[in-house]
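Protein chains in written order, with my numbering: chain A, 824 to 1150; chain B, 824 to 1150.
Hints listed in this document are in silico derivations from the structure and should not be mistaken for laboratory results.
Heads up, a few of these hints could be off.
If chains are identical, the list can't say which one is meant, so a pair holds when it fits in one copy or spans any two.
[Said to hold, decoys possible] Okay, derived cross-link-like pairs now, DMTMM-like style, lysine to aspartate or glutamate, Cα gap no bigger than 20 Å in a straight line: (1) 1088 to 988; (2) 868 to 1014; (3) 827 to 851; (4) 1147 to 1031; (5) 909 to 1041; (6) 1069 to 1086; (7) 1120 to 1030; (8) 873 to 992; (9) 1120 to 1131; (10) 1020 to 879; (11) 1069 to 851; (12) 1069 to 1098; (13) 922 to 1014; (14) 1040 to 1143; (15) 1147 to 1065; (16) 1119 to 851; (17) 1069 to 1144; (18) 922 to 1121; (19) 1002 to 1039; (20) 1020 to 1041; (21) 844 to 1086; (22) 1119 to 1005; (23) 922 to 1141; (24) 1088 to 1098; (25) 827 to 1086; (26) 909 to 1005.
Bear in mind that the values here come from a model prediction, so they are computed numbers and not experimental data.
There are 2 protein chains.
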Amino acid sequence: MEQKIRIGICGYGNLGKGVQKAICQNSDMELVAVFTRRDPTQISKQTSVKVLPITEVAQWMNQIDVMIMCGGSATDLPDQVPTFAKLFCTVDSFDTHAKIPQYLNAVDEEAKSGGNVSIISVGWDPGMFSNMRAYAEAILPFSHTYTFWGRGVSQGHSDAIRRIEGVKDARQYTIPVPKAMEMVRAGENPELSTREKHERECFVVAEDGADLSAIEKEIITMPNYFADYDTTVHFITQEELDKNHKGLPHGGSVISCGQTGEETKQVMEYSLTLDSNPEFTGAVLVAYARAAYRMKKEGITGAKTVLDVPPIMLNQNEREEVIKRLL
Amino acid sequence: MEQKIRIGICGYGNLGKGVQKAICQNSDMELVAVFTRRDPTQISKQTSVKVLPITEVAQWMNQIDVMIMCGGSATDLPDQVPTFAKLFCTVDSFDTHAKIPQYLNAVDEEAKSGGNVSIISVGWDPGMFSNMRAYAEAILPFSHTYTFWGRGVSQGHSDAIRRIEGVKDARQYTIPVPKAMEMVRAGENPELSTREKHERECFVVAEDGADLSAIEKEIITMPNYFADYDTTVHFITQEELDKNHKGLPHGGSVISCGQTGEETKQVMEYSLTLDSNPEFTGAVLVAYARAAYRMKKEGITGAKTVLDVPPIMLNQNEREEVIKRLL
């Protein structure tokens, strides 16, 4: 039997735990260790896997094939991934869109110098949704593609509400506007403002005696986060929040419509309905970790994206078998 | 400016015409000639493009980069593609599922001997739907994937009805059963019989004085084609058929549902709603023709499938630009 692909996880939050679950569903992989900036003994209580301080990572260069980077896009990944790319193949879910080209170049240089493959910005958006946008544009160059997100929990928006005075806890859902989706599917190629594409629904637990109308006003007028959207605020108890809004569901749709003739409209749609955003993102990261490992074996090096990876590279089964069964 | 990719079309039925329309939407390509087994002068009346007898194809070896093969899967493609693969890169829409592995091997040998790339079984199913099945299985190895076809015209079933005595013309629609799709989306992983997945609706023009109930009975009891399905037959006039059922719409959905945790269900769905099946298939063929051309330039040879092609290879724009805009 072939040796298993040896995986490391760097960062053990929701995403790292999602990656760990995904590895268990892939029999050609084994999780070697989790690396953390926190105190490893604290995390060891949560899991049976080996937990090590991130400072020891270089010692594992020859025992780990692919390191799955589960830190945040704001500061962790830009700092960690170029360094790690010298030591291991890496996969990450960097999603600061405007900085992707610059990040790709920084990682590319280090991955090449280490003889490794780093696949950046993996997940569902960027990730699978990027694949769908690329397929749609290639097949129908004059099509229009729209991306809708939700219904799903935005952690950034939930955090923004929690920072308001008098707010104890909060959960924010991003919701695509059904009418906008219908117009896109009908091939109307609408010009849609931010407000016309998505709306926001907030479930807020207020402190005892807090001024609810002041909180509501502060939410719906908050620049960047809420001011450009139709926003609904519901005040609920902590018990209700814990009972009904504990999960991290998300999803969305990439809808493309183009014409191939004067009267022939062609609509492509890819939709995800996810009960757990971090677990699905983790599953995508694990599939692309396999691709990174295989690409390196083929002599490829440098920073890649999902767009550079053939679907067959993601599947743990033999090419001939996959072609026979799935083509 | 870079030289355009020089395309040939072999076979000028609905699919060949769809390919021709698609080439017009891709500014990095030019259609050099159409090759036909029929009398070229007859086809020349329909189009301004150069039409040549298929027997002259070998003379065009150095003037055409990719030949898009638009014949049928039953006899044309297995006969033509291995021969053509020696002369040109080729793309085809071979869809006889059981024979794909054998066909792949036959084409692979000839493509390698000619130093060319042949991408087989391109279109939407096999084709884009295969990509979706492969992505789904790679991301969620324990998911269940279901493919539904329709609502759309099946030409094979329409032909089968037309062969019945007393039938002048007919059009058959394949329709997915909504309840089955709902069960799949709900993650129930149902065992679905043929009858439970699709139904068939037939619009039939009978000859004057034909026995309508005999025709209806012959349709709904026809083995393989209709006996295993719930089938509805409508008798209509030729005028109605020409007015309301002239097009070749089709489409379908690939729906996958899997779990990443005990209570976390993840649903992926890819759907196509196509006003013209041959024009969409033609558009997919053209995108993969570009990939065949580029793969050969990279030194790759042999028979490939859509699963072997990274999405970026299909797009006419520069990698950096596509990553910046679509990732």
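Evaluation of the provided hints:
{"no.": "1", "hint": "1088 to 988", "in the structure": "neither (51 Å within a copy, 36 Å between copies)"}
{"no.": "2", "hint": "868 to 1014", "in the structure": "neither (52 Å within a copy, 42 Å between copies)"}
{"no.": "3", "hint": "827 to 851", "in the structure": "within (5 Å within a copy, 43 Å between copies)"}
{"no.": "4", "hint": "1147 to 1031", "in the structure": "neither (63 Å within a copy, 47 Å between copies)"}
{"no.": "5", "hint": "909 to 1041", "in the structure": "neither (46 Å within a copy, 69 Å between copies)"}
{"no.": "6", "hint": "1069 to 1086", "in the structure": "between (47 Å within a copy, 12 Å between copies)"}
{"no.": "7", "hint": "1120 to 1030", "in the structure": "neither (56 Å within a copy, 65 Å between copies)"}
{"no.": "8", "hint": "873 to 992", "in the structure": "neither (33 Å within a copy, 70 Å between copies)"}
{"no.": "9", "hint": "1120 to 1131", "in the structure": "both (16 Å within a copy, 16 Å between copies)"}
{"no.": "10", "hint": "1020 to 879", "in the structure": "neither (46 Å within a copy, 55 Å between copies)"}
{"no.": "11", "hint": "1069 to 851", "in the structure": "neither (32 Å within a copy, 51 Å between copies)"}
{"no.": "12", "hint": "1069 to 1098", "in the structure": "within (11 Å within a copy, 43 Å between copies)"}
{"no.": "13", "hint": "922 to 1014", "in the structure": "neither (26 Å within a copy, 46 Å between copies)"}
{"no.": "14", "hint": "1040 to 1143", "in the structure": "neither (60 Å within a copy, 43 Å between copies)"}
{"no.": "15", "hint": "1147 to 1065", "in the structure": "neither (47 Å within a copy, 39 Å between copies)"}
{"no.": "16", "hint": "1119 to 851", "in the structure": "within (17 Å within a copy, 32 Å between copies)"}
{"no.": "17", "hint": "1069 to 1144", "in the structure": "neither (41 Å within a copy, 39 Å between copies)"}
{"no.": "18", "hint": "922 to 1121", "in the structure": "neither (29 Å within a copy, 29 Å between copies)"}
{"no.": "19", "hint": "1002 to 1039", "in the structure": "neither (26 Å within a copy, 42 Å between copies)"}
{"no.": "20", "hint": "1020 to 1041", "in the structure": "neither (22 Å within a copy, 51 Å between copies)"}
{"no.": "21", "hint": "844 to 1086", "in the structure": "between (48 Å within a copy, 13 Å between copies)"}
{"no.": "22", "hint": "1119 to 1005", "in the structure": "neither (43 Å within a copy, 41 Å between copies)"}
{"no.": "23", "hint": "922 to 1141", "in the structure": "between (36 Å within a copy, 18 Å between copies)"}
{"no.": "24", "hint": "1088 to 1098", "in the structure": "between (33 Å within a copy, 5 Å between copies)"}
{"no.": "25", "hint": "827 to 1086", "in the structure": "neither (53 Å within a copy, 28 Å between copies)"}
{"no.": "26", "hint": "909 to 1005", "in the structure": "neither (47 Å within a copy, 47 Å between copies)"}
When held up to the earlier numbered hints, the structure conflicts with 1, 2, 4, 5, 7, 8, 10, 11, 13, 14, 15, 17, 18, 19, 20, 22, 25, 26 and fits the remainder.
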